[in-house]
Amino acid sequence: MILPATPDDCAVLIVGAGPSGLALALTLTHHGIRCRVVDERTGPDEAPRAMVVQARTLELYRQLGFAERLIEHGVKVDVLELSEDGEAPFQVLLGDIASGTSPYPFLLCIPQRDHERLLATRLAEFGVEVEWNSELSDLYLLDDAVEATLVGPAEEQRLKVRYLCGCDGAYSRTRTLAGIDGRADDSRLFYVAEVRLADDSLGHTLRFELGQQRIDMLLPHPVAGLRQLVGTLDESSEDPPEPETLRPRLERIAGGSIERIERIDHYRTRSSIAERFSHGHLLLVGDAAHQHSPLAGQGMNTGIGDAINLGWKLAAVLEGHADESLLESYTEERRGVAKALEATSDRLFEGALDHGLKGRLLRSFLVPHLVPFLSGFPKLRRTLFQTLSQTRIEYRRSPLSAGLAGEVHGGDRLPWVSIDDSDEDNFATLDGLRWQLHVYGTPKMSLVVAAAALGLELELFDWSDSARLAGLKRDACYLIRPDGHVALASPSQDVLALKRYVDWYGLSFG
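To convert, count from 1 in the sequence shown and add 93; that's this note's numbering.
Hints are computed from structural coordinates only; laboratory data are not their basis.
Below are the EDC-like pairs computed for lysine to aspartate or glutamate, each with C-alpha atoms no more than 20 Å apart in a straight line:
1) Lys472 / Glu500
2) Lys253 / Glu412
3) Lys432 / Glu421
4) Lys592 / Asp416
5) Lys169 / Glu209
6) Lys537 / Asp555
7) Lys253 / Glu417
8) Lys253 / Glu240
9) Lys592 / Glu552
10) Lys253 / Glu224
11) Lys592 / Asp568
12) Lys253 / Asp102
13) Lys169 / Asp189
14) Lys432 / Asp505
15) Lys537 / Asp587
16) Lys432 / Glu487
17) Lys472 / Asp189
18) Lys432 / Glu368
19) Lys592 / Glu550
20) Lys592 / Glu417
21) Lys472 / Glu487
22) Lys253 / Asp236
23) Lys253 / Asp231
24) Lys169 / Asp207
25) Lys472 / Asp505
26) Lys169 / Asp293
27) Lys537 / Glu552
28) Lys472 / Asp558
29) Lys253 / Glu133
30) Lys253 / Glu228
31) Lys432 / Asp274
The calculated label-pair distances, taken between Cβ atoms and stated as ranges, are:
32) Arg361 / Thr480: 25 to 35 Å
33) Ala140 / Ala545: 51 to 61 Å
34) Glu180 / Gly599: 50 to 60 Å
Idealized CB from N, CA, C, for every residue including glycine.
Let the hints inform the model, and build the full structure from the sequences given.
Pasting the structure below:
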């Protein structure tokens with residue numbers, strides 16, 4: 094029997110309990126939206142997988158009250174090392190290149206399995222438990238809902254939900270059932286290993302090494318003595334190599350003797366982007382929508398970014414605070430991010446593995462010569478961190494973005510501003526994932542009155558050198574989205590422009 098949608102049913106079914114699915118559930122739950130999270134697996138994977146959490150992800154997690162919990166269980170990377178085929182490495186100090194950019198001027202390393210457990214624990218505190226051994230076997234798209242069939246250990250259940258979100262990975266059952274094409278390049282074989290070093294003296298260093306048609310990455314681990322390694326494998330071999338066969342290579346990149354290989358796994362991945370991220374009331378999130386090279390440390394973070402972008406929009410629509418057309422911006426914004434990654438980091442890593450002249454030039458010129466040269470320029474160092482940390486992601490072409498005030502466009506991430514002579518910053522007001530107005534300077538009375546009439550919080554900050562250096566304009570008005578991006582930038586505090594924006598999307602606040 095198909096269960097009818099009632100106020101007591103969950104509004105959103107999330108298929109997949111990886112980081113993106115759990116982050117989506119946490120975002121919805123934060124807004125009071127009832128959801129279910131199902132996964133065909135018996136429980137969380139113990140195999141090593143994604144490790145790096147970028148600054149932008151931590152900023153978003155901070156809004157959900159989750160960042161500090163994750164940081165407590167991870168290890169901060171403060172040094173990047175890049176080398177070419179065993180040559181002396183070039184070092185980048187993250188503290189130097191990240192200064193003034195984010196409250197999190199580092200990379201965080203934490204095993205994906207621990208990341209998922211912490212997210213699931215936080216969800217359980219809100220009364221949401223992951224339903225393991227529950228597989229999506231069929232779905233049917235209605236005009237205003239999705240009917241889904243779930244198969245569990247003992248029974249089959251059919252239900253109707255307002256929205257179904259496929260967060261079920263690269264081989265997404267949701268995407269297949271919806272008939273969405275997952276356009277992809279040729280796959281590449283990778284290894285990922287956790288090893289215990291006999292003598293670990295690298296500290297909190299993340300190391301990249303480019304070799305002849307190979308790339309290896311060594312990451313710090315929260316457990317003393319452990320390291321995680323990720324790298325490419327020979328495509329000509331029919332079977333992945335045995336762990337002991339890989340030991341000399343692992344010891345070379347680790348810079349010392351390996352006492353024990355704790356875990357090792359092999360998998361194929363490809364650079365791919367689905368032709369669309371939504372179909373009616375069905376939406377794709379994370380690896381179900383796009384996959385990227387694991388060596389860039391971007392894929393999982395991009396999936397979490399998808400989840401929070403979609404989560405606040407779904408909540409606004411389901412709560413009646415926005416027109417359903419708001420959801421159209423999800424695909425426009427997040428598919429754009431995926432395409433930008435495909436064109437930059439994915440192409441860069443593929444180029445470095447090229448057998449021809451392009452690959453040799455990238456390996457022998459980019460790392461030993463070009464990167465050190467460019468890092469000598471402060472502005473380029475800052476851009477490097479912004480790109481790596483995903484704090485440079487913007488939605489300027491989104492239909493939700495309008496205006497320019499100072500150097501800040503509608504669609505930009507709100508620049509981080511440290512409040513002078515204090516430990517506070519302007520991101521503190523972003524807690525709670527809610528719309529708000531920011532003025533750095535003095536608000537006009539007309540804006541104060543309009544904000545009160547709209548039920549919109551108005552946050553005031555003293556004008557400062559920090560705000561100026563961040564690119565903000567004195568006495569301008571910035572309408573901030575729940576995810577911390579600027580929706581509308583008004584240099585003159587234009588109240589009519591604000592009201593037109595609110596009316597266009599049927600927004601309400603409170």
